[in-house]
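Assemble the complex: chain A is given as a structure, and chain B must be docked to it using the hints.
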Amino acid sequence: MAFPQYQKHAIFILLAALVQTTVLPQLWFLRIKPDLLLILAMLIAMNAKSLAGGIIPALCAGLLKDFFGLHFFGFNGLLMALSASCVYGIFHFLNKESKGIKFFIIIFASLMNYIALTIISRKPYIFLCFPEAAINCLFLPFLESVYNFFTTPLSREGRAIGYAHK
Amino acid sequence: MLKINRYKYSPAAVVFFTIIGIFILSLLLKSKIIDLISFPLKISSNWTSDIRALVAYKFIADENVRLNAQLAGAANDAIAFDELRQENERLKKLLSLKKESSFVTVAAEVIARDPNNWSTGVIIDKGQRQGIKAGNAVIASEGLSGRIVDVYSYTAKIMLLGDADSSVSAIIQRTREEGLISGTIAGAVQMRYLSKDSDVVIGDVIMTSGLTRNYPAGLPIGRVIEVKDDPQGLGKHCLVRPFVNLRTVEEVLVITGSKY
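The listed protein sequences derive, respectively, from chains A and B.
For the first sequence, the working numbering gives the first residue as 12, with consecutive numbering after it.
For the second sequence, the working numbering gives the first residue as 781, with consecutive numbering after it.
If we strip away everything but chain B, and leave its shape as in the complex, we get:
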């Protein structure tokens, strides 16, 4: 028995009330805690990029030695240069997209990914202070990535297209047929509710239709890689490979409004 100030409490009751206390406290302080842990996340995320650069170093150095023996001494510089060039290209793409775009956007960096295997999301380093709101569409240089689901002061959570709860109305660019893009529990992306006589073929490009709120029309989503009949035989659905690699997405643009 635990004895506090002459009163006796059973250990089970103490554990129970501690759990309830921690739970309520974490619920109240959720946004503050997430903002607080964004700093170590940024450091850890950068550190991971450094590790990846080191892994890439081995491969690129080997290739360099094999092809140009005389440049072996400069392999280290070449790798550092290559990493910087890739980053530069990525950022240039994003910048040009931002310039060309008719939307008001906020550029953000991915600092953490969903720890669960049953949901697909990322945390970015921009939040309410930068004008991001829940429901904003998120794009990368290649196309649509997902939408904002939770916003905190300095961070926000994005539900990626592959999440089982994600859905957005879309059209097939060639045939203009409408359907619904949604995620699956395995993290894949599919287009559902196509009619039985739909002439969708492998390779067709899928774009947003503009019917879903906050998603502007004409954003590229992906390419059809497999067409299947519905199990009930009432229609068709197809598997889509998103243009954005959802597993490795690093920089994104959040659409916060329109210029016109």
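If we strip away everything but chain A, and leave its shape as in the complex, we get:
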């Protein structure tokens, strides 16, 4: 049974939100935890075929984060939608094959988030940006491979062919 892409994205976002709010805080040993929803939203924006396909999942992921968060309802939703639109725009001008660009985009999204937060709250949250961006970059390859495995048919077929050759 083939799921449409947007359904896969919705399932991914819901699962990421559940892991982010229940499993990760109990199992993760550091104070700063990875932002799975942000990474996922940026991955979707990078692979989106249309502007709406990039922005809407990011908005939903951000709003989901806002539902669980304490302050500024709508902050994550609007900012992640904005980041996704920038990423969609940037990614169509740059070389998609370059691995480094994805890390740059994750750092950019984290930075944008914390700059806005620092301005709005007038507290130096910007210091939290760098450790979070570093941890997000560590998680990016893992989440990307999971995302590609479930959303790109070629990735699965490629593996199947690889196993057949072995």
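Just to be clear, a hint being listed does not mean it is correct.
Here are the simulated lysine to any residue pairs, SDA-like style, with alpha carbons at most 20 Å apart [stated by the list, open to error]:
1. 134/A with 972/B
2. 810/B with 83/A
3. 60/A with 972/B
4. 134/A with 960/B
5. 60/A with 790/B
6. 134/A with 966/B
7. 913/B with 932/B
8. 113/A with 102/A
9. 822/B with 37/A
Hints were generated in silico from the structure; no laboratory data involved.
Coordinates of chain B only, in the frame set by chain A:
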């Protein structure tokens, strides 16, 4: 161009209005959505506890084998028993606290934690229907945990002591000196506005003073672990380690009123 019923809309306008629509809808349905997702959260939360029990199993089983080779076969039962005993102890503590307490309380379980790194909060499985209101103080078996900031029908959000926006008036138990307990952006807890000649020392116990609304006096908060001079040189502040482990708090009591 998108064509709907002979009218033409540009994709950018469609995206813009969709975003505004989703945003307004989510704002209106916020409480319903949070109540709705509390069910999968509970399941996920329980599942996490099971995973933790499995992780603990490995350590405890190894130790058991090393110390008592003859009991190796019963390791599985011992771990399950240990997990139940810990849970039992925790709940007993909570129950005795509830019995001893002069407050009307509602016991609740933490079902989710704040996904952001810049705020410190949790969601509990009790809400308006159980009599919880915004502003209610929240305690655990060891001491003060935080306060209720948002209430929905079946869930509520707690701002923990480590949140940068959290603040509560407190006193040093030994010297009776007053100060303000607040969180930092790094999630730590500090006591500010102590006078320059304050004789606060490491190890002093901090308690609520009762000056902040909804926080009864005498609730234990934590112990001083570091004393520092203010950068301006006008006073002192100290870092406090809360008695409640804010990262792993699982069961809490919400103070909804007083018995007297």
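Quiz item: Holds or violated: residue 134/A with residue 960/B, Cα cutoff 20 Å?
Solution: holds, 18 Å
Quiz prompt | Pair hint residue 822/B and residue 37/A, alpha-carbon separation not exceeding 20 Å | solution = holds, 14 Å
Quiz item: Under the criterion that the straight-line Cα-Cα distance not exceed 20 Å, is the pair residue 134/A, residue 972/B satisfied?
Solution: OK: residue 134/A and residue 972/B at ~17 Å, within 20 Å.
Quiz prompt | Hinted pair residue 60/A and residue 790/B, Cα distance within 20 Å | solution = Holds: residue 60/A and residue 790/B sit about 17 Å apart, inside 20 Å.
Quiz item: Does the alpha-carbon distance linking residue 113/A and residue 102/A stay inside the 20 Å limit?
Solution: It holds: about 9 Å lies between the C-alpha atoms, which stays within 20 Å.
Practice problem: For the pair supplied as a hint, residue 134/A and residue 966/B, confirm whether the alpha-carbon distance does not exceed 20 Å. | Solution: holds, 11 Å
Self-check item: Agreement of residue 60/A and residue 972/B with the hint, judged by alpha carbon distance not exceeding 20 Å
Solution: violated, 52 Å
Quiz item: Given the hint that residue 810/B pairs with residue 83/A, does the C-alpha gap stay at or below 20 Å?
Solution: Holds, at roughly 13 Å.
Exercise. For the pair we were handed, residue 913/B and residue 932/B, check the Cα-Cα distance against 20 Å.
Key: holds, 9 Å
Violated hints amount to a single one, hint 3; each of the other numbered hints is respected by the structure.
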